[in-house]
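J.: So you can see what is in the structure, the chains are spelled out below.
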Amino acid sequence: MKSSKRQIMNSAFAISCKAVTWMSLVILAVLLFHIFKQGYEFLSFDFLQNLPSRKAHKAGIKTALVGTLWVVSLTACFAIPFGVATAIYLQEYANKKSLFIRFIKINIANLAGMPSIIYGLLGLTLFVRYFGFDRSILAGSLTLALLVLPVIIITSIEAIKAVPGSIRYAAFAMGARRYQVVLGQVLPAALPGIMTGIILSISRVIGETAPLLIVGAMSYVAFLPENAMDMFTVLPVQIYNWAGRPSEDFHSLAAAGIIVLLGVLFSMNFIAVIIRKKFQRYKSE
Amino acid sequence: MNKNIIELKKVSIFYGENRAVNNVSMHVQEKKVTAVIGPSGCGKSTLLRSLNRMNDFVDGLRIEGDVLYHNKNIYRKSVDAALIRSQIGMVFQKPNPFPKSIYKNITWGPKINNHKISSYDELVEESLKKAALWEEVKDRLHESALALSGGQQQRLCIARAIAMSPDVILMDEPCSALDPKSTLRVEELIKELSENYTIVIVTHNMQQAARVSDKTAFFYEGELIEYDITDKIFTNPKNKQTEDYITGRFG
Numbered sequence: 002m003k004s005s006k007r008q009i010m011n012s013a014f015a016i017s018c019k020a021v022t023w024m025s026l027v028i029l030a031v032l033l034f035h036i037f038k039q040g041y042e043f044l045s046f047d048f049l050q051n052l053p054s055r056k057a058h059k060a061g062i063k064t065a066l067v068g069t070l071w072v073v074s075l076t077a078c079f080a081i082p083f084g085v086a087t088a089i090y091l092q093e094y095a096n097k098k099s100l101f102i103r104f105i106k107i108n109i110a111n112l113a114g115m116p117s118i119i120y121g122l123l124g125l126t127l128f129v130r131y132f133g134f135d136r137s138i139l140a141g142s143l144t145l146a147l148l149v150l151p152v153i154i155i156t157s158i159e160a161i162k163a164v165p166g167s168i169r170y171a172a173f174a175m176g177a178r179r180y181q182v183v184l185g186q187v188l189p190a191a192l193p194g195i196m197t198g199i200i201l202s203i204s205r206v207i208g209e210t211a212p213l214l215i216v217g218a219m220s221y222v223a224f225l226p227e228n229a230m231d232m233f234t235v236l237p238v239q240i241y242n243w244a245g246r247p248s249e250d251f252h253s254l255a256a257a258g259i260i261v262l263l264g265v266l267f268s269m270n271f272i273a274v275i276i277r278k279k280f281q282r283y284k285s286e
Numbered sequence: 461m462n463k464n465i466i467e468l469k470k471v472s473i474f475y476g477e478n479r480a481v482n483n484v485s486m487h488v489q490e491k492k493v494t495a496v497i498g499p500s501g502c503g504k505s506t507l508l509r510s511l512n513r514m515n516d517f518v519d520g521l522r523i524e525g526d527v528l529y530h531n532k533n534i535y536r537k538s539v540d541a542a543l544i545r546s547q548i549g550m551v552f553q554k555p556n557p558f559p560k561s562i563y564k565n566i567t568w569g570p571k572i573n574n575h576k577i578s579s580y581d582e583l584v585e586e587s588l589k590k591a592a593l594w595e596e597v598k599d600r601l602h603e604s605a606l607a608l609s610g611g612q613q614q615r616l617c618i619a620r621a622i623a624m625s626p627d628v629i630l631m632d633e634p635c636s637a638l639d640p641k642s643t644l645r646v647e648e649l650i651k652e653l654s655e656n657y658t659i660v661i662v663t664h665n666m667q668q669a670a671r672v673s674d675k676t677a678f679f680y681e682g683e684l685i686e687y688d689i690t691d692k693i694f695t696n697p698k699n700k701q702t703e704d705y706i707t708g709r710f711g
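Heads up: the sequence lines are chains L and X, in that order.
Converting from the first sequence to the numbering used here requires adding 1 to each position, the first position being numbered 1.
Converting from the second sequence to the numbering used here requires adding 460 to each position, the first position being numbered 1.
Hints were generated in silico from the structure; no laboratory data involved.
Among the clues, some could well be false.
[What the hints assert, rightly or not] Taking beta-carbon pairs under 10 Å as the criterion, some of the chain X residues facing chain L (in silico): (1) 519; (2) 538; (3) 541; (4) 556; (5) 617.
Keep in mind it's a predicted model, so treat the numbers as computed, not measured.
Just so it is clear, CB atoms sit at the ideal spot from N, CA and C, and this is done for glycine as well.
Same shape as in the complex, but just chain L (with noise of 0.2 Å):
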């Protein structure tokens, strides 16, 4: 039988996207796989321990490491409750046909694009120098939560949204009050979503290089910090800088950090996904 034109152009279609997704996957294991050549021989226990030091050898990422989760932790503890607050205010309470809640949704959506230099150069006239919080952890890590406000918003948002409307009736006509059709209904029901947004935001977060340039991660520190307002360094900020030197050596070691720094994406990304599986038990079975 001859196949008509539309069954061609159906397989076409598929073969075409199937080529496409193998094709970024192609580069992707290229990438990881050079990474890895590259750094494994400096990848141990000792690189883990060590603190950095100008001989490539004996230089280690703890400080960067810890530096990274520092600033993970703390820019998530800003960045969670502020933006899941405003997604439940602007969805649940704000009158939804208000010009001015409509012009705020639609920057927050514009601010979630913007280029986060920007944020960087905000962060360093408002934290590093108005507020007097100087070239700290807090510093950084509110400068990153502004980044990653809007993303988490929106993401929220969404999430809320999608939450049918006949479980917020239900609930009220059992005589709940809108905070208890809020915390008990609508957020469990939308945290799956919520949950997606964070992971994403916690992402950038520690991939993050440019802002934090700014407000000052050093690329040497010699001392891991002990509390927020002491100077750090990051994994990437860390990565650059090895990246930057002329010596073979230091580039490895840069691909070794980059090892590290997928590591620690990988771990957090994978909690994450853990709590959002939990709450999806009820979704649909």
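Starting from the structure of chain L, add chain X where the hints point.
T.: Below, chain X alone, put in the same frame as chain L:
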């Protein structure tokens, strides 16, 4: 003679400029099933939702006249609508269980209303038994309510309403999303429940009204055309329009 638990006095309801319910006066008797019938768009669901102030969530809706519940107007400013809703339960057209376990679906309402419950396990069992669902779900109380069939979900919604020990249960076409077998079960359930609860049921299924209700109100274009004992409405209606509707000449 049962006493009147709800009384409507010259109630009109408007969506913006449109009048959905026009000058309706009627009463609902305690521990009886009152059916509200009429063609689609006759204002019967709007009227039902005005009895527990679920209309408050509709933009641009305005109500005139008095809705008396135990002789008190529930639209006075001092009335706490949430409290009214905790006493007048509601079962919706489409089953809408919470995306939680069967157990939590039942216990959530009493919990947030600070009801004094000595044993939640007993409350769950009792409510599910009253809703004729216990036997089917007793082994999976902690599984998702969304895994139940449509008919089971609707009975869970009824159990959820019963767990609040309400005075009145409002039902807004509770069987319209169900298959005939589930419909029959829910109808049997409504009859059983009427021994202990006052039920107001909106339906566009006339046979259903005839099967389950004690009194029937016929609405047409927002007006109460006839309200009487169900047998009378279906065998000997006074009004020509009612007769035309129940004999299937229109609607």
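J.: Run every hint past the structure and note whether it holds.
T.: Hint check results:
no., hint, verdict
1, 519, "holds (8 Å)"
2, 538, "violated (17 Å)"
3, 541, "holds (9 Å)"
4, 556, "holds (4 Å)"
5, 617, "holds (7 Å)"
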